[in-house]
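These protein sequence lines map, in sequence, to chains A and B.
So in the working numbering the end of the first sequence lands on 327, straight run, no missing numbers.
So in the working numbering the end of the second sequence lands on 1295, straight run, no missing numbers.
For the record, the hints were derived by calculation from the structure and aren't laboratory data.
Ideal placement from N, C-alpha and C gives every residue a C-beta, glycine not left out.
Don't take each hint at face value.
[As the list claims (entries may be wrong)] Facing chain A, according to a computed beta carbon distance under 7 Å, are these residues of chain B, among others:
1. D1186
2. V1193
3. G1195
4. P1208
[Said to hold, decoys possible] Label-pair distances were calculated between CB atoms; the ranges are:
5. D1283(B) with R140(A): 36 to 44 Å
6. G205(A) with T1211(B): 20 to 28 Å
7. R1024(B) with A3(A): 53 to 61 Å
One-letter residues, chain by chain:
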Amino acid sequence: MPAPLLEVADLSVRFDTDDGPVHAVDRMSFTLGQGEVLGIVGESGCGKSVTCMSLVRLLPETATVSGSVVFDGRDLLALPLRRLRQVRGREISYVFQEPMTSLNPVFTVGHQIGEVLRRHLGLSRSSARARAIELLRLVRIPAADRRLDEYPHQLSGGMRQRVMIAIAVACDPKVLVADEPTTALDVTIQAGILDLMRDIRERLGTAIILITHNLGVVADVADRVLVMYAGRKAEEAPVAELFAHPQHPYTIGLLGAIPRPYEGEGTRARLQEIPGRVPSLRELPQACAFADRCPRADELTRSEIPPLREVRPHHVVACFHPGEDGA
Amino acid sequence: MSALAEPTGAPVVDPRARRRRLLRRRFLRRPMAVAGLVVVLAFVVMAIFAPWLAPFDPSATDFNATFAHGTARHLLGTDEFGRDQLSRIIWGARASMQVGFLSTLLAMGIAVPLGMVAGYYRGWIDTVIARVTDVLLSFPFLILAVGLAAILGASLLNATLALGISAVPAFIRIARGETLALREEDYIPAAVVNGANDATIIFKHILPNMTSTLLVQATVTIPGAIVGEAVLSFLGLGVQPPKPSWGTMLQDAQQYLSQAPRLAVYPGLAIVLAALAFNVLGDGLRDILDPRTTR
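In isolation and in its complexed conformation, chain A is listed as follows (with noise of 0.2 Å):
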């Protein structure tokens, strides 16, 4: 197996506040292989976004980021900025949840892509302008020659987010750190944006990582799944295998709580819902962050962080009582 692109080790976030430490991620770790793409579930505020956000160092002062984080043989954590800053946007980039807000309002859609190629690639003003309608093209944005020079309150969201998804990959990076990226479209633009992901990732190559608290979108494009929970890892597995065996209780609860209208004729089952709610982050327990929701809870499971441990092939979990069944 190559060296992964990606290599994502210890990562620990904690953010100081006025009320004390807030624990957002703990000891992560992950990899991430040469055009791959790596789908992170979890429920809001369970560290999946900080994670992203920290590989570049893109949180605020009061973040302290441990571990590392090492791609391409550098260490990003330890980069100087200003090198730093030639990866951001060249070779590691984002799309974010907001497309109706990301765009810079004053310039046009043109030239907020050629801004990006003449930065990171030092492309004259027609290169870049030729480079952004091919962009644009690759996108699907119809009549691209002409939507260059329009402004974003002129797109709908939908053709927004393709324009920020052409401004991430126009540099043709390495990876593509998608953040809820169709969260904010409606469902059938939503089809189409991934759709456009899976065409980026057979086109040119690129690895993503696909941030989403929908398990619909990850089975429709992710090859790895990892699951999160309070700031940790709770599962990992290749996608197929997570959905036909998942282990930790967490994930057997998210996948129970899918509607699933078309199976089970005439047995509308009742949607199950996790009981309890989502610990708080200021103090991390010494013990299975899931534990006082979970229903195979024991004496271990409250004293004890339980490991990550293979328990099938390419298939990792922290659980003491893994297994398919809710026993």
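With chain A fixed as given, assemble chain B onto it according to the hints.
Below, chain B without anything else, positioned relative to chain A:
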């Protein structure tokens, strides 16, 4: 949707040229703004070409024609020394325009970088800049200007400096406030993830977003400075007699207010007209430069 309605076979035009044409068309649809621009340009032309436009030397006295009124020789009459009022108003435009534009440029040059640095970096530098600004803002604009002009000494250059510095706090507050708001916009982190450094963020992403606000403030500051110059000159802290300025003309006129009120009326009208024209022009510019404007 006008872009979609364009015939597809239209010849390819440079987008910049197209934008210029669009802005021109929007501007021409605003008669008040056009009138403002015409008047402003008229004053600027007057200021630049004063030596050629003025029928007389503004300081030349003619004791055979004191207090002349409405003669063909002196269209706006003469003052107590027989100096031609029209010529003095034309030359006075020079002082007013110079002070108006230069002091505003000076204020923006000092204030905008300071305000943006304060708003962008926050922390102690913001505290220092913002608190000093608050202290300065507690002095009324003209009081500050009069005080500074008194310290610097009476001359046109010092009046420009005094008025420019007096306008700095207001500009700092605006630049800082705008920066504070704009740095929270989603396109700022979007630019950061694409590798932009602080200078790029401040000057290429934040500054262009506040140009319309700065422009509005400039169109308030320029007429303010024009009036300020008149006040300083009126008080003897600006242009020194016998050099012509609208302020010194008002000063001279006040002793003869009952005999020859027109001596005060004409320079007064010039001040009002100039100030009004800048304000109206500024409103129009603000409207057309906003990309959300559709007309």
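Hint check results:
1. D1186: Where the cut-off is 7 Å and the nearest Cβ of chain A is about 4 Å from D1186(B), the hint holds.
2. V1193: Because about 4 Å separates V1193(B) from the closest Cβ in chain A, which is inside the 7 Å limit, the hint holds.
3. G1195: This hint holds: G1195(B) lies near chain A, its Cβ roughly 4 Å from the closest one there, short of 7 Å.
4. P1208: holds (5 Å)
5. D1283(B) with R140(A): 36 to 44 Å: holds (42 Å)
6. G205(A) with T1211(B): 20 to 28 Å: Roughly 41 Å apart at Cβ, these two residues miss the hinted range, so it is violated.
7. R1024(B) with A3(A): 53 to 61 Å: holds (59 Å)
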